[in-house]
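Number of protein chains: 2
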Amino acid sequence: MTETQTLSLAEIEEISLKALMVAGASEENAKPLAVATAATEADGVASHGLAYIPIYCEHVQCGKVDGQASPVLSQPRPGVITVDAATGFAHAAIDMGFQKLIEASEAQGIAALAINNSYNCGVLGYHTYRLAQAGMVGLGFTNAPASIAPSGGAKPVVGTNPFSLAVPGSDGEPALLIDQSASTIAKSEVMKHAREGKPIPEGWALDVDGNPTTDPNVGLKGSMAPSGGYKGVGVALLTEVMAAALAGATLGIHASPFSGTAGGPPKTGQFFMAIDPGATSGGYFAERIQDLVGAIRAQDGAHIPGDGRTAKRKVNREAGVAVNVATLDKINAIIAAG
Amino acid sequence: MTETQTLSLAEIEEISLKALMVAGASEENAKPLAVATAATEADGVASHGLAYIPIYCEHVQCGKVDGQASPVLSQPRPGVITVDAATGFAHAAIDMGFQKLIEASEAQGIAALAINNSYNCGVLGYHTYRLAQAGMVGLGFTNAPASIAPSGGAKPVVGTNPFSLAVPGSDGEPALLIDQSASTIAKSEVMKHAREGKPIPEGWALDVDGNPTTDPNVGLKGSMAPSGGYKGVGVALLTEVMAAALAGATLGIHASPFSGTAGGPPKTGQFFMAIDPGATSGGYFAERIQDLVGAIRAQDGAHIPGDGRTAKRKVNREAGVAVNVATLDKINAIIAAG
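These protein sequence lines are chains U and V, in that order.
Under the numbering used here, think of the first position of the first sequence as 43, with each following residue one higher.
Under the numbering used here, think of the first position of the second sequence as 43, with each following residue one higher.
Note that these hints are calculated values from the structure, not bench results.
Predicted model only: the values in this text are computed from it and were never measured.
A portion of the hints provided could be inaccurate.
One copy or two, it doesn't matter: identical chains are merged, so the pair holds either way.
Stated by the list, open to error - Listed below are the simulated EDC-like cross-link pairs for lysine to aspartate or glutamate, each with C-alpha atoms no more than 16 Å apart in a straight line: (1) LYS263 / GLU231; (2) LYS60 / GLU70; (3) LYS240 / ASP257.
Bound conformation, chain U alone (with noise of 0.2 Å):
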């Protein structure tokens, strides 16, 4: 079993911050990044959590992201918010865009946020999931290094490129919170079963001609399988038109890796649309989500995507989350070097 501790959001996002600002990023960096790590973890997605803050200081060491960077913000049209990110983390540009965008949908019904020269915004959910608590239905894309080939090919041309979708409740919680990748499962779990040395299952991956391939190593090699074939290409398409080429971002085919070291800064982009609900539906959107959420709640067994980050999120935001003993010593060993 695995040595944990329980820690509170506040303790969580404090030892963040500290480690990041020990490895190197400025407190305008830091903070978006450790108060997004806390709120992940109470989520309930240790992958994203206190796990990744030992990679985000090696990658603020390494240069693969620019701990000092000042997200540059500019409005070109009244329902447009554009950031450069400038090579710094995409929680404080995200950060930076949220408010005007915010603002922008009230002003104009819907806006647009697009940021380039970014960087992994860790879970594309927790982004939109803010914009749900300002009442805004939030669509967000976010874009990764090449990993799924185009139907018919076999050679990578765009990433796992998730979408999510949030929508307000009545709650104060998201009534739905739709936060998926366009592979059939995530890359880290490949890279995981490559470390652990234990084979995939088939559908996972393929290999580099585009067959199919129990070998995580050989599918790292080759490609992700797109979710459902080729229409999991086409959601893998619409995030990197959005993310990339939408917010003038780098292609996947063009990025350097979100993992190791090497490779210098990826700049892949963010795509975030806000929508007014009360301008569009004539008053009738949140009637439309509670009979929606119903009739899928009605069903015995039937998941409502988000149901499940809401329902820890709840109890951990008072009774804290036992993280890894292994990963709080890597964070505190950063934090003592400092």
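Using the hints provided, position chain V relative to the given structure of chain U.
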């Protein structure tokens, strides 16, 4: 072999218009649908071209669609256009909204068009295509009567709910046009197998308990299989939130069928977003799209979504389309009865 006769696009439009008007549609309502029918035939999507005209005519006559409807447009915020389709054809409502949508997206950088009290909009990609022709990235959603069950459930809660993305290209045609439903296969294919008494492949549909079936009639009473499992449900929910909830239209769980004559108007919805790449991308959009499409085109046999329709369109605009004589006979009989 099916007997065919080659018609020019102008001829296809003309007989479509005549038949719809004989059935009781006003010219304002019939014209946009006749134009779309010719364009759909040009694109090679025969299932939604002339073959649909007798169904449209029947739906005007039985009151599933109001052939004399007067859609009502509003612009509640600078970036939001809404159209109440007044239970008329979706095409007339979309036509009315698109001019304002394009103007608003030019001014605001991004704008949305929400349509309720609507009907089946035919090929969704026909509409987003027109946004790309205007230089905008077009993203569209349209909902349908429920036929996909939630993950873990068995009772349908969302339709096969397609989304479509059209990306402007450099030669007057879209660089990329995605138009895909959230199910593994179109429901019309299962209906076709049922009519022909043929079994369906496993993975297309599920019985009322959510188990795989190869009997199309059992599948039609049960549910359509979502593409890629729960991720297909996620895409269908995205479309339902946009086209039904955000548009204040009727949810798929409450909508009357698109096929047959029972149940009155479905009153479903459409939601379109138009984004001006010049506003969001800092001038990099065309270059990024060229690179992305180039990386796909460089692989032998790799498929670019929309390429098939574009190739057919280029040929058929000049050469006309070989249409099914049996379909033509039906349409001519409708016209002769007028």
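Note to self: Let me make sure I understand: some of the numbered hints might not hold for this structure. Which ones are they, in numerical order?
What the structure shows: As far as the earlier hints go, not one is violated by this structure.
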